[in-house]
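Visitor: Here is how the chains run, residue by residue.
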Amino acid sequence: MTDRATLLYLDGVTVSFDGFRALNALSLILEHGEMRAVIGPNGAGKTTMMDVITGKTRPDAGQVVFGADTDLTRLDEPDIAALGIGRKFQKPTVFEPHTVWDNLLLALAGDRRPRFTLWARQSAAERDRIEAILATIRLADHRDRRAGDLSHGQKQWLEIGMLLAQEPQLLLVDEPVAGMTDAETEQTAELLREINRTRSVVVVEHDMAFVRALGVKVTVLHEGSVLSEGSIDHVSADPRVVEVYLGR
Amino acid sequence: MSRASLTLCLTMVLGGAALLALLNLVVPAGSALHVPTYTVSLFGKYLSYAMLAVAVDLVWGFAGILSLGHAAFFALGGYAMGMYLMRQIGTRGVYGNAILPDFMVFLNWKSLPWYWQGFDHPAFAIVMVLVVPGLLALVFGWLAFRSRVTGVYLSIITQALTYALLLAFFRNDMGFGGNNGLTDFKDMFGIPLHADATRDGLLVATAIFLALELLIARYVVTSRFGKVLIAVRDAESRTRFLGYRPEAYKLFVFVLSAVMAGVGGALYVPQVGIINPSEFSPANSIEAVIWVAVGGRGTLVGAVLGAVLVNLGKTFFTGALPELWLFALGAVFIMVTLVLPGGLLGLARRRAPRAVPAAPAPEPAE
Amino acid sequence: MNLIRVLLLMFALCPFAAQAQDDPFAGLAGNYEAIRHAVEALAVSGNPNAAATVAALQAGTLFAAPDQSLWIRQGDTLTNARTGVTGTPEGDLRRVRVNNAVRRAIEEATGALTLFAPVPAKRIKAAADLFAQHDAAMLPMLERALAKETDPAVRGAIEQAYAAALLAAGVAPVTDRLAAIDVLRRRGDLDASNLLASLTNQPPQVAAAAARAVAAIARVQRLWALAQGVFYGLSLGSVLLLAAAGLAITFGVMGVINMAHGEMVMLGAYTTFLVQQAIGAYAPALAGAGVVLAVPAAFVVAGAVGIAVERLLIRFLYGRPLETLLATWGLSLALQQAVRSIFGASNRDVTSPGWMSGAAQWGGLTITFNRLYIIVFAALVVAALMAVLRFTPLGLRMRAVTQNRRMAAAMGIRTPWIDALTFGLGSGVAGMAGVALSQIDNVSPNLGQGYIIDSFMVVVFGGVGNLWGTLVSALTLGIVNKFLEPVAGAVLAKIFVLVLLILFIQRKPRGLFPLKGRAVEA
Amino acid sequence: MASFPKWLRGAALGAAALAAVVLPGAARAEDTIKIGILHSLSGTMAISETTLKDVMLMLIDEQNKKGGLLGKKLEAVVVDPASNWPLFAEKARELLTVDKVAAVFGCWTSVSRKSVLPVFEELDGILFYPVQYEGEESSRNVFYTGAAPNQQAIPAVDYLMGEEGVKRWVLEGTDYVYPRTTNKILEAYLKSKGVAAGDIMINYTPFGFSDWQNEVAKIKKFGSEGKKTAVVSTINGDANVPFYKELGNQGIKATDIPVVAFSVGEEELAGIDTKPLVGHLAAWNYFESIDTPANKAFIKEWHDFTKKPTRTTNDPMEAHYIGFNMWVKAVEKAGTTQPDKVIDAMIGVAVPNLTGGYATMMPNHHITKPVYIGEVQGDGQFNVVWNTPGTVVAQEWSPYLPGSRDLIADWRKPLSCGNFNVKTGKCGGASK
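Chains as they are written, first to last, in my numbering: chain A, -11 to 236; chain B, 10 to 375; chain C, 41 to 562; chain D, 56 to 487.
Extracted from the complex, chain A is given alone in its bound form (with noise of 0.2 Å):
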């Protein structure tokens, strides 16, 4: 049914919470290693969306299709993790008392089982791996920092690093840049396009400038369903679009 470039494939996904539509026959391709920034009015459904791709929500109706054939609606949260789809949320959330480094080894990819956990001792793989990822979030100095004492821009990152960690084919990423500084932005853009070099990401945003920066493909939502799809440029230009955003 799909074919070999497709790393997720939605289609006509339909959810309701009594009476509203958060998603209304929603249907998306996503390509092996795309980038793909969603945006859309509040309620257009995009968090609905995500919470549909990891699980959090079953959907009414549809399929949500993942690498070649496995059907995302059967799985729960757990399971698709495990297949490699990482999720960063809207408010960052971090494991408040441990320090940044427990929070990488607690995402870095591997057996997640008790009985493992239990006796499991930090390998030298590990480590490397944990200071690679410090490194490329930046927070390497802060490694024994307790997450709950770092800045709010910070957290983003040590999460987008724990993102990382679990190393993920696709990163579902919620309002990355909300709340931080001209420069954190510009440097999450700078991180995001670094990570997509090896992974698929939905970026799902508010900030235009920010979708700019990105420069990939963008989908607007709108009411649960696709309004327009294309270069920024286009779906800018898209009147619909226009009546969507500047309508109201």
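Each hint should be verified, as a subset may be incorrect.
Stated by the list, open to error - Covered, in the sense of this in silico footprint (three residues per stretch, anywhere, with C-beta under 8 Å from a C-beta of chain B), are these stretches of chain C: (1) 362 to 371; (2) 493 to 502; (3) 530 to 541; (4) 544 to 553.
Since the hints were derived computationally from the structure, they do not count as laboratory data.
Treat the numbers as computed from the prediction; the structure is a model and nothing was measured.
For glycine and all other residues, C-beta sits at the position ideal for the given N, C-alpha and C.
Given chain A's structure and the hints, the job is docking chains B, C and D onto it.
Guide: Okay, now just chains B, C and D, sitting in the frame of chain A:
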């Protein structure tokens, strides 16, 4: 929980127990240093309560599971031990019936019910002490965690669980002695229970088991498993998206803690000399939680401290100022939650920020 | 003093009233056996002092002197029962005691005669008594009664009594007996079927008819039993509902785990007691209205305590439900001990007003008034609560605050104040529940403890934050419990219900009617 | 690191509390005779037991006014086992080893007695147990001043058979050992009197049971089947109020189906509006309404002592009154408070009870008691309608239970055995 405070706690528990036992056994009754047997079995009781407290802290402090039914596991362990002790009485019961416990004789039961079989073998009894609470925890936890019952809801159904057990064990038809429970024990592993030496022995044994429990608990919470557990406590859904299965982690620690509580109960029964359904009463479970809160949630050592202090208080008040006991206990509940959410240990080291909603987050082991 | 009237009436009627015994009073100084016969003798003796004596006996003001003389005490004056003259006996008096057997004798003597009392209700009662006695000797009197009876209801009752007596006599012609059996079948209650079942050595067709009637009655009774079960269930449910309604506000709407909820109920019950005492002391006339007056009082008291608790304790613990749970538990301990120190450990006596005691027989259905009123009361309370939440500004603000605290605050709602009021409302409702419970349960410091767990179960089962859910779950639990009881016994029934609840919460962790969107979460 | 201050705090608190626990004993002077009072002052049993604490204080106070005992003053040591059974054992041990009391007066529930029994036997103390109980026990260290089943239940049943001509029986009880045993005994007794099994209904409800609708309806149905029916109630404490309220409301009058209760006394009635209950019965060995000089004096003293002119007296209070006086007499007889001597001296001691007779301590450590049947009056008192001609000797081992048929207790030397089997002639129960 810092290694220092742990070692300190272990030395205090083991040393204290040994000291009390010695002073009771060696020092002649006349001398000022002599410790009456009363005090020995009193502290024996406290330490078995401490085992319950540590078990509660393990699930509440590190997995965020506020169990209001943990005394149920304690009591079940106690009953398993009590049944063994009951069978040991043999023909020394008032009716001199070699098989049936007294309460079965005068309610003229004809034969021993199946679930009493085997309890005359110490080994079997010990296994049951571990298995019965563990099994209940396994079944209950599996149901609850799998369907993601959390927080207050979990607390309430744990309370319902212990309440149901309370009602069940009150029924005489259950064959556990109803309201009277099991009592009038004679000896344990062939050693007469009423000898001073036995009491000293039990105290020391309890201390040793408590120390073991602390060490195991500490290993668990400082392992990577423990880190995941704390992560689950503070951000359960996040751990899911990282690919962890919180239910598995909760279940393991819940069962472990239930077994620990069971062992505590098993050591409790021979020292107080009776086990009866009121041990299942929700109030007991809640009291156990407050011991932990007093000492400091998520610190294990604090649980021990809290259990011993609160019970010392109880002993003191019920002796000296009976009318005031409930006021005092009530005040402790309120004060601890209001002014020292970190418990005494939290007070000792101002690490946990006052605002953290869940509780003072336990500091990671250095 | 209608006993006197009755006795006089009887002298007019009873043909056998003429032959009086030598001294009908003699037995009164003897043992219960003797007293009983004396009462029967007196009833028919026609002695002018009989009525007063029997009345005194019933009232416990009849005394016997060592010399067997009998004295009626009124205040300080003693009247000789036989002669009716006042005097002072020598030797110390001993009260002539009555036991149940004697009481029955008195009732029967009087009961039979009220058949001609002016008040229809009395006549029906008398007929009922006679039905229970079904004594052939009463047949002539019943015939006379039937002859002059006009009131249809009373007539029916007397006919039944007559039928019973006639069957018991076992001499009447077959056709009459068949008619009588038919009357009893239409009466259709247990007494009737027992009577029919007890008939012996009857002609075949009568026996057959009786058997058929018994079967028919049994069928009807089964249906009634079902209805009765539902009523029991409803009444238990309404009690649970009352206990839980307040919790549905504090826990359901605010998400506060108030373990001291039960103590609010207890306070309500004690308020009822105090109100009753006050009325007894200052306005005895209002005694019947005590409970009604207690309702607002209890609401205010418990509500005030609730507000105080919220301001002094709970507001510091918002967002920390588990800590709240512990703190309020501590509070409940303190409250219990406080009440124990003030009112003493023993139960307090809250008397039910006349209009709340007794029962109505409706076919095979016994509807006890206190239960009935409690059901009604529960309905009213819940209705009122819903109205408050839905239509009043307070309710609007409450919902606003619970749905989005920050936004509400931004809209200029004083959220702390609303919190306090909401909690006060919940506690007040608990207080009102206390008034109801004081009518059926102990008024003791432990009153609240007995209901706290059930209340939480009800709220959680119904779905937090949803009054309808609470309503439905309370009634469901009540009825399930009451239908399990006869099968499994009281204890097992409760255990089953608890286990079912636990399992149910596994299935639907959010209860029957989960709150959509932002639910209360720990 | 930071654990140092904790170490201090912990140690300090520990020491302080420990001192608090151990010292009270050491602190007290030794020129008094200490008497332990072991009654719950908090928790569910406080409702019944608080009164007994007060009556003991009164009796001790009174004895001291008379100049104490053996030239020493008596000193009450009050502790609160808080309705918590293990705590009973702990407190008993405290009283005996730390406070070194000469005798303990206490316990109400069977479970509390069972819980302290081993302690008293181990430490050779003396316990006076003032409450009617199921029997099936006789310990050298316990004196049972309450009624055994044959001193309460059986006479009550006899009364109902004789005076009320009852043919059908409902044995309604709370599900614990006292009702269970008593009902077993009564069932056997009734059957021995030729009552058919079909005419006996036994039913149990949990503690604090409050919704009696079904049960009362059942009783009503059972009673509506022609024969005269009575209810024998062994319902415990709190469950009684709702039970009687439901009876009243479902219109069951004492004249239809009388209820005779063994656990309902003046104290319990104080919590009920008794007008609907007039005529229901209770069987006790004492009633406040019993009109004797001794009782009048006792009640007056009670009111003066508690400064509450309305406070009721009840059967267990009389039991303590008798027990205390017996102990005093025995101590005087033995010339010491040394338990062994006192225990031996106790047997045969006779003291006047409050109802105009004498109570004697029998070799089975139970006392002789008169049995009274009282009918509830509108004023919350009982009107005695029947009483045994003399006093009844307790059968601690019921002849109606297969397990204890052959057992007797006799603590006189040389036998001194609590469960002597007359068949096997051996001490130590029914063992073959």
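Visitor: Against each hint, give a clear statement of whether it holds in the structure.
Guide: So, going through the hints one by one against the coordinates:
Under a criterion of three residues with beta carbons nearer than 8 Å to beta carbons of chain B, the stated coverage of the stretch 362 to 371 of chain C is upheld, 9 such residues being counted. Counting residues of the stretch 493 to 502 of chain C whose beta-carbon sits less than 8 Å from any beta-carbon of chain B gives 4, enough to reach three: the coverage restraint holds. Interface restraint, the stretch 530 to 541 of chain C with chain B: holds (7 residues with C-beta to C-beta distance below 8 Å; minimum three). A count of 4 residues in the stretch 544 to 553 of chain C with a Cβ less than 8 Å from any Cβ of chain B is obtained; the coverage claim is therefore met, three being the minimum.
The structure meets every hint from the earlier list without exception.
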